[in-house]
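Here's the letter readout for the chains.
Protein chains: 2
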Amino acid sequence: MTHTPTAPARVLIYDPTLRDGHHAARHQLDAAQLRAYAAAADAAGVPVVEVGHGNGLGASSLQIGRARLSDDEMLSTVRDALTHSKMAVFMVPGWGTSDDLRNAVARGADVARIGAHCTEADITERHLGELREMGVEAQAVLLMSHMASPAQLAEQCALMAGWGAQAVGIMDSAGHYLPADVTERISAIAAAVGVPVIFHGHNNLGMAVANSVAAVAAGATVIDGCARGFGAGAGNTQLEVVVAVLERLGYATGIGLKALLHAADIAHEKLMPAPPIIDSVSLVSGLAGVFSGFKKPVLQAAEREQVDPVDLFFALGQRGVVAGQEDLIAETALRLKPQAGV
Amino acid sequence: MTHTPTAPARVLIYDPTLRDGHHAARHQLDAAQLRAYAAAADAAGVPVVEVGHGNGLGASSLQIGRARLSDDEMLSTVRDALTHSKMAVFMVPGWGTSDDLRNAVARGADVARIGAHCTEADITERHLGELREMGVEAQAVLLMSHMASPAQLAEQCALMAGWGAQAVGIMDSAGHYLPADVTERISAIAAAVGVPVIFHGHNNLGMAVANSVAAVAAGATVIDGCARGFGAGAGNTQLEVVVAVLERLGYATGIGLKALLHAADIAHEKLMPAPPIIDSVSLVSGLAGVFSGFKKPVLQAAEREQVDPVDLFFALGQRGVVAGQEDLIAETALRLKPQAGV
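One line per chain: the protein sequences are Y and Z, in this order. Sequential numbering of the first sequence, starting at 1, is according to full-length UniProt numbering. Sequential numbering of the second sequence, starting at 1, is according to full-length UniProt numbering.
None of these hints come from the bench; they were simulated from the model. Glycine included, C-beta positions come from ideal geometry on N, C-alpha and C. Everything hinted at is true.
Pairs of lysine-lysine, DSSO-like flavour, derived with a Cα cap of 27 Å:
(1) Y:295 <-> Z:270
(2) Y:258 <-> Z:296
(3) Y:270 <-> Y:295
(4) Y:258 <-> Z:337
Derived coverage of chain Z by chain Y (criterion: at least 3 residues anywhere in the stretch with Cβ under 8 Å from a Cβ of chain Y; other residues may be distant):
(5) 204-217
(6) 235-242
(7) 264-272
(8) 280-291
This is chain Y alone, in the form it adopts within the complex (with noise of 0.2 Å):
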């Protein structure tokens, strides 16, 4: 990516705030939040707000916690917040369906993202496909990307290009990434692929905006953020700190940062319990490679079979341990346990 002095490099940013903040508020915000949020960050010029449950379309149950609003609430209000920003979701297959990809564009989505596991693309060909007859933006990406190598990587967003994705890239699900990392991934995607390319971090390294940067010096042109880094464990990355740093490096972003802040103060009064901070299990979560989600999980097991947390974050990612396999939890706490008699 070349500046010149009379267009500086564009980074699209993609606000997850209403969908990824959601794990922090246990699914729980109601529409007079979405809505309070979505017109701030209209107002701010944010090209793409994101919305739904935590999880994504359809991930709304029982098993990993019900939302207080349906799908079709959440899309119906943000979708009248807003004037300019485009209306995103998010979709992993298994939880979501193609009726659920249906019904978001028919309440107006205008992006829709496909996750799968980094090295599970191929679950993303059929929903591409039916995006694209749909007419509305395709985009896919790949969780707990720190699992697959730089080579991977660029292969399985190579395939997800070729079956319609408009813009892939990588989700550092963990907060595994350290700078260097992030740039060896986004440079092997962005040589493989010809669309733009996503990098989405979180910050259990305190890394999440200098990867962020890493990434688009390394040919990323979208970028996710959210407010106040609302996110679960140690956050997202910061969005108003990355639209800050990212001008004053000299690319433009086309928000305005006043309003932004706006924005980013009322995710933090009306939103969020508290702000993400990086805490002692957050930072062994990132360092371990541990998908964010298992932390209650883990400190849970740790607590019941007397076994460090920490010890039991380093075994869980040892064994390279995905979300749905929550079950291997238990028994590598069990493992852990000192025998009794021995």
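Add chain Z to chain Y, keeping to what the hints say.
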């Protein structure tokens, strides 16, 4: 700095939690709090623990804020709690005097750091000489260092090393740096002096950890960090995070991570009113390059004159206002105020 498999590069971690953190507790930490944290940091193998009023020795006053404990009480308490860690004090000439330094050494300080505005190194000469005569380790740091060029900082650091400082470096007092800024400055300083180079970061732009890593890569070997980031505004470099990241990158700190997390948990639960976050004002303050301690008077002046605090921060940054020039805040606010009848 080169890495070899047999001898990883060593980074000395310097912990000002009980001094810089004091800013965020209005200098009100009590003896039990100092003791609890100092003992935990000592147990984790933190090499140096700094203690004192937020502004250093002799600074407790009505104008700046009175500390709960006297310098003597703080030093005696921490001295008793440490078994291996060195005890350090900080002093800015003017707030503190030679008598304060002599007294701190008599109370067991092993290290004393003298601070000066980034272009005023000459005020450190006398005290550095006195410290060397007393036989304690003498360090010197430049405050608000973003206001000077790399060449100026290198020149000022070389002067301080020449006057006896056994480690010299820079504080990013306004939290204004991005990693490339740090690389440039630390490289210039490291090339100009023959003593260890210090970097002390703040997190206003979410870059404290990334800046510290950049500093080490550029030749710094003394890195400051506060437990859970405890410090004014957006907080300092988060100690446990920077230690974990440096160790992952192959540097040796000699600190045990589990015990350090325990110390950070104590700081979080027992010392801080709330852990630091990057709020809108801290972000703007860092962008504008304004001293973090100005947050409160800037907000008050903006309120009084009915001007936008964001505009006031940027105007103060443009005027290059530094600590001690509080009267310029009101004057600048007045200038920004729309004239009646115009």
